[in-house]
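J.: Here is what each chain is made of, one letter per residue.
There are 2 protein chains.
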Amino acid sequence: MNSLLPRDEFERALYAIGERQYHDLHPFHQLLHGGKLAHGQIQAWALNRFYYQLCIPKKDSYIMARMDDPALRRSWMQRVLDHDGLGEDGQVDEGKVGGIERWLRLTDGLGLDRDYVVSLEGLLPATRYAVDAYVNFVREHSTLEAIASSLTELFAPAIHRERIAGFEQNYAFANDATLSYFRKRLEEAPRDVRFGLKYVLDHADTGEKQRQCLAALRFKAELLWAQLDALHHAYVTPGLIPPGAFVPEGLTPTEYQR
Amino acid sequence: MNSLLPRDEFERALYAIGERQYHDLHPFHQLLHGGKLAHGQIQAWALNRFYYQLCIPKKDSYIMARMDDPALRRSWMQRVLDHDGLGEDGQVDEGKVGGIERWLRLTDGLGLDRDYVVSLEGLLPATRYAVDAYVNFVREHSTLEAIASSLTELFAPAIHRERIAGFEQNYAFANDATLSYFRKRLEEAPRDVRFGLKYVLDHADTGEKQRQCLAALRFKAELLWAQLDALHHAYVTPGLIPPGAFVPEGLTPTEYQR
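Heads up: the protein sequence lines correspond to chains A and B, in order. Residues in the first sequence are numbered consecutively from 1, following our numbering. Residues in the second sequence are numbered consecutively from 1, following our numbering.
Just to be clear, a hint being listed does not mean it is correct.
[As the list claims (entries may be wrong)] In the DSBU-like style, the derived pairs of lysine-lysine whose C-alpha atoms are separated by at most 30 Å in a straight line are:
#1 A/96 with B/96
#2 A/96 with B/36
#3 B/209 with A/96
#4 B/96 with A/184
#5 A/184 with A/198
#6 A/198 with A/209
[Said to hold, decoys possible] Simulated restraints on C-beta separations:
#7 A/78 with B/36: 37 to 47 Å
#8 B/7 with A/201: 52 to 62 Å
#9 B/242 with A/93: 51 to 61 Å
#10 B/172 with A/12: 23 to 33 Å
#11 A/113 with B/201: 27 to 37 Å
#12 A/186 with B/35: 53 to 63 Å
#13 A/218 with B/168: 56 to 66 Å
[Claimed, not checked] To be clear about the criterion: a stretch of chain A counts as covered by chain B if any three or more of its residues have a C-beta under 8 Å from a C-beta of chain B, and this derived list gives those stretches:
#14 47–61
#15 76–85
It should be emphasised that the hints constitute simulated quantities derived from the structure, not laboratory data. Because the structure is a prediction, the values reported are computed rather than measured. Where a beta carbon is used, it is the ideal one built from N, C-alpha and C, also for glycine.
All chains should be modelled from the sequences, with the hints used to inform the complete structure.
T.: As structure tokens, then:
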């Protein structure tokens, strides 16, 4: 039990998690990318996903805080920069605009009020729980497990490419501004994941640590999936929007219900 | 009780903490800067202070993790960069070398083995407790209190100027490499503290918050002082070095004792 897997077998086990349960397989994403969602449903997705984007640099700062090696922290900090952006407000050159701001360009382009998005008032409670679970996970687990949990990025470029193509083909809101988050992540994620994968393969040097890394990656895949479950339940089927959560324009909270 | 002080009075109360108990007033620093310490005593100081330097970016990463505003976190991140440095190892231009590396140039110049310094094996336990107390403080208190605790930087430029002058005048180890940490901090600290002081003055908008900020700054001044108390007790008077802590060359642990 928990015997050490050869490096290539361990790597395949990490990839197998993505093949089984990365959220590109979720029906909500298939509807989203396939042009099957109404505008209000896409707004709901972007609004909820904003909370995830907002918490990514908090999560990465906790990981940094627990790292004992300045060189390792220096590498990891790039992720915080990617999301928060670099430079003073109003003086940021376009290449250094962060992922949070890029996501807000998407919600802008979808016609959501920025103050409402940033207020977080319309979130599904389940979104909050899933995202907060991620932030808490990295506070409480080892640096190795925290890094392993980031390896869903192995599977992200494929979903981003699929999303960009699907949005361009199917939705009028697709343009340089609303797609800029995803295009930028296509540059960043492969760099991040090369670093993270190498770290995990190098440092998971016992069967127990490999098992912890696989569990961490499953945990992360599950919480991405759970966010879509909540969106699907509230805004697709049965369309049961919890009290207080975002209600697409022209709908009543029960209008999606069968 | 806890009524709101006018802004200028609150600011004076913050400064008064420095005037009363910033560690420039500690006898150990007066000996250090006045050329009164033996080489081994200076080594002990630099070795112990290294742990403080090493933990500063962990402390700042925890503060970042708790910040909800990406723009605020972006400003704060500069501190982590200042200490960890920027760029890949071996390719860092001189201006971007971090404070931790600059401190190691000081311990190098003092003839301490780098591996021994980095191992943290020679630390006084009391150093560890005081520094860890700081890291834990910012994890458990509000962002406002964490920022207030950083305001000892208000008083740092004076001590750095005094230290640079005292070292140059009194000690053969003083050179560009060993002084580079302090010279760099003369550039960085005033920028940091302008930001921190304004934040605290702007956000401590109740008497209770002002009281918490004053308490946070006292807490920080106390832990800087406590580090010197431990050094003084171990390496000056009575010179009682705890078992396992750094012993200057040629001394036995009890040699400083009366």
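J.: Evaluate each hint against the coordinates.
T.: We went through each hint and held it up to the structure:
At roughly 19 Å between alpha-carbon atoms, residue 96 of chain A and residue 96 of chain B fall within 30 Å of each other, so this suggested pair holds. Proposed proximity of residue 96 of chain A and residue 36 of chain B is contradicted: the alpha carbons are some 50 Å apart, above 30 Å. For the hint linking residue 209 of chain B to residue 96 of chain A, the alpha-carbon distance of about 35 Å lies beyond 30 Å, and the restraint is violated. A distance of roughly 26 Å separates the Cα atoms of residue 96 of chain B and residue 184 of chain A; the hinted pair therefore holds under the 30 Å criterion.
Our distance criterion of 30 Å between C-alpha atoms is met by residue 184 of chain A and residue 198 of chain A, whose separation comes to about 22 Å. Between the alpha carbons of residue 198 of chain A and residue 209 of chain A the distance comes to roughly 15 Å, so the proposed pair stays at or under 30 Å and holds. One distance hint, 37 to 47 Å for the beta-carbon pair residue 78 of chain A and residue 36 of chain B, holds here, with the actual separation near 45 Å. With their beta carbons about 55 Å apart, residue 7 of chain B and residue 201 of chain A fall inside the hinted range of 52 to 62 Å.
Between residue 242 of chain B and residue 93 of chain A the beta carbons are some 53 Å apart, a value that agrees with the proposed interval 51 to 61 Å. Against the hinted window of 23 to 33 Å, the Cβ-Cβ separation of residue 172 of chain B and residue 12 of chain A comes to about 59 Å, which falls outside the hint. In this structure the supplied range 27 to 37 Å holds for residue 113 of chain A paired with residue 201 of chain B, their Cβ-Cβ distance being about 32 Å. Between residue 186 of chain A and residue 35 of chain B the beta carbons are some 59 Å apart, a value that agrees with the proposed interval 53 to 63 Å.
Restraint check, residue 218 of chain A to residue 168 of chain B: a C-beta distance of roughly 58 Å satisfies the suggested window 56 to 66 Å. Look at the stretch 47–61 of chain A against chain B: 5 of its residues bring a Cβ nearer than 8 Å to a Cβ of that chain, three or more, so the hint holds. For the stretch 76–85 of chain A, the proposed coverage by chain B is satisfied: 6 residues have a C-beta within less than 8 Å of a C-beta in that chain, meeting the threshold of three.
Hint violations for this structure: numbers 2, 3, 10, all remaining hints satisfied.
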